[in-house]
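S.K.: If you want the building blocks of each chain, they are given just below.
2 protein chains.
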Amino acid sequence: MSDRNEPAAPRVGVVGLGAMGLGMARSLRTAGYDVGVHDLRPETAADFARDGGTAFATCGELAAAVDVLVSVVVNAAQVDAVLFGADGAADRLRPGSVFVMCSTVDPGWSAALEGRLADRGVLYLDAPISGGAARAASGELTMMTSGSAGAYALADPVLEAMSSTVYRLGERAGLGSKVKIVNQLLAGVHIAAAAEAMALGIKAGVPAEALYEVITHSAGNSWMFENRMAHVLAGDYTPLSAVDIFVKDLGLVLDSARPERFPLPLAATAHQMFLQASASGLGAEDDSAVIKIFPGVDLPEPVEA
Amino acid sequence: MSDRNEPAAPRVGVVGLGAMGLGMARSLRTAGYDVGVHDLRPETAADFARDGGTAFATCGELAAAVDVLVSVVVNAAQVDAVLFGADGAADRLRPGSVFVMCSTVDPGWSAALEGRLADRGVLYLDAPISGGAARAASGELTMMTSGSAGAYALADPVLEAMSSTVYRLGERAGLGSKVKIVNQLLAGVHIAAAAEAMALGIKAGVPAEALYEVITHSAGNSWMFENRMAHVLAGDYTPLSAVDIFVKDLGLVLDSARPERFPLPLAATAHQMFLQASASGLGAEDDSAVIKIFPGVDLPEPVEA
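Chains V and H supply the protein sequences, listed in that same order.
Using the working numbering, read the first sequence as starting at 2 and increasing by one per residue.
Using the working numbering, read the second sequence as starting at 2 and increasing by one per residue.
Pulled out of the complex, with its shape left as it was, chain V reads as follows (with noise of 0.2 Å):
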């Protein structure tokens, strides 16, 4: 930062700090910026700020400090908050700053937000994420974004410090949703996909670790039977992503194609799979807790420590 020819850096900001946030957070600290930070629980605000980086009480008082805002929050209703809830950003947002909008979201409802945005003079990237918690932490990130020429003008730098791939997908906000909505069912179907054919090869006597190797070396894998089945193979149910994360990401797919009338067979069913096991009080588990869902299968036990 020391080129006297370079643009001064921006000064960002992250809002919430759960395990996709804190470590998108950290990276920027690494990367060498003076993160601001605001999350409805202020100790864990006061903790990362500790290391460095400064905490925020409220969203408004975080966005009155920054150029760029990154939001890493669960879900639309979350990112509306965030804005135009109580002491919310929108209204604190110097024009010509950006709002980094990284959830997972109805792409109509990410369109419109721009909109939302735009009549207050603050630009907008559509910026969904993909990677997990340990890729965010080492600055691993991928992001599937789109958005107007002035926003990435302003917000590349801080793109590019937190991932290690960006995707940008056009000018119209919402085309990053929309390939997050596809890579979401995709996911979504295959883990559930994962499930139906190791609970049939077990039922069917096959020894679950001579299955994993076959088909991981086949043309059945997948990205989410490799990752996944791992967990059921060790009997580890314990939740890096929740069920419950994809009884909400195929509603939003399906949610999201109803309005065109536009069918989608397996997402629906693998959603049914999902439901059942969330309402079978699997919620809370591993998403590959969706194979407890057939009955009569000898699942690995977990190892011994």
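Keep in mind the hints are simulated off the structure, nothing from the lab.
Keep in mind that a hint or two might mislead.
[As the list claims (entries may be wrong)] Below, a list of computed lysine to aspartate or glutamate pairs in the EDC-like style, where the Cα atoms sit at most 20 Å apart:
1. LYS293/V x GLU261/H
2. LYS204/H x ASP299/H
3. LYS249/H x ASP81/H
4. LYS293/H x GLU261/V
5. LYS204/H x ASP256/V
6. LYS204/H x GLU261/V
7. LYS204/V x ASP107/H
8. LYS204/V x ASP237/H
9. LYS204/H x GLU172/V
10. LYS204/V x ASP256/H
11. LYS204/V x GLU261/H
12. LYS293/H x ASP237/H
13. LYS204/H x ASP107/V
[To be verified] Counterexamples of contact, computed for chain H against chain V with all Cβ distances above 10 Å:
14. ALA20
15. GLY171
16. GLU197
17. GLY236
18. THR270
Backbone N, C-alpha and C define an ideal beta-carbon position, used for all residues, glycine too.
Please build the complex by placing chain H on the supplied structure of chain V, with the hints as guidance.
M.R.: This is chain H only, laid out in the frame that chain V set:
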């Protein structure tokens, strides 16, 4: 084969010179075997033998001349005809020889076949294959096998000559077929899910190339998405594996689970999608043509040469 301490190489035959069987017979010839072959189309067998090996007019004559008979036909009915039809192999295979069954079949049927051959003193390997015609030709198939130690003792060098990976899943015939069934469940669901997701994204206005680029680098990826959606991008539905193959294979998956009263919600849904495609006249197109069941989607056009 000149080392006096090595057992003599088994005499080997291949029945069924389709895309897979022809490649496998060639791999065996490349490995130094004097391969006997039979096909319902005599000219196909004669063509093969012109470059080495021997064409036989019937399954029975081929069976009488070999120690290991590799059967590479379309389904269980064809395996049955090879063995028990007119001029069939079952009564001509010498006691102690091995029948290697490479088709995708019901695991219970495969297990029963072992017993029918044992009555004649013939050994059996349940040995479905995976990998496609190109890998068959280069001796790089994956084989999912199970059977007795005696069967492996004779057939092992033959399996190794045809494959880059031979999974040995246990002594019980049927285990190989069970794993193959699980693989086909995943392969079929993943193709249909790739089609559903890609159709949704294109309908929503995401450029198809961008969607492919992002998904193949994200958690939503699968082996089948990466392989088959390349056909959709190219607008090329020349069948490498046809829609009707998955009408058959997912039907087999469902049939194999029904006697156990085991539910397969995603396999059942994907099967309906392939049936819908077949009923629409797409049965002989590449299996990626299942994407054409989604209406109102502007699929990429073939690139003109």
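S.K.: Decide, hint by hint, whether the structure agrees.
M.R.: Here's how the hints hold up against the structure:
1. LYS293/V x GLU261/H: Holds: LYS293/V and GLU261/H sit about 17 Å apart, inside 20 Å.
2. LYS204/H x ASP299/H: Roughly 7 Å between the alpha carbons, so the hint for LYS204/H and ASP299/H holds.
3. LYS249/H x ASP81/H: OK: LYS249/H and ASP81/H at ~17 Å, within 20 Å.
4. LYS293/H x GLU261/V: holds (17 Å)
5. LYS204/H x ASP256/V: holds (15 Å)
6. LYS204/H x GLU261/V: holds (9 Å)
7. LYS204/V x ASP107/H: holds (15 Å)
8. LYS204/V x ASP237/H: Violated, at roughly 39 Å.
9. LYS204/H x GLU172/V: holds (18 Å)
10. LYS204/V x ASP256/H: The hint holds at about 15 Å.
11. LYS204/V x GLU261/H: Roughly 9 Å separates the two Cα atoms, so the pair holds.
12. LYS293/H x ASP237/H: holds (12 Å)
13. LYS204/H x ASP107/V: holds (15 Å)
14. ALA20: holds (15 Å)
15. GLY171: GLY171/H not clear of chain V: closest Cβ-Cβ about 8 Å, inside 10 Å.
16. GLU197: It is violated; GLU197/H is separated from chain V by about 5 Å at its closest Cβ, not greater than 10 Å.
17. GLY236: GLY236/H clear of chain V: closest Cβ-Cβ about 20 Å, beyond 10 Å.
18. THR270: About 5 Å separates THR270/H from the closest Cβ of chain V, which leaves it inside 10 Å; violated.
The structure fails to meet hints 8, 15, 16 and 18 from the earlier list, while all remaining hints are met.
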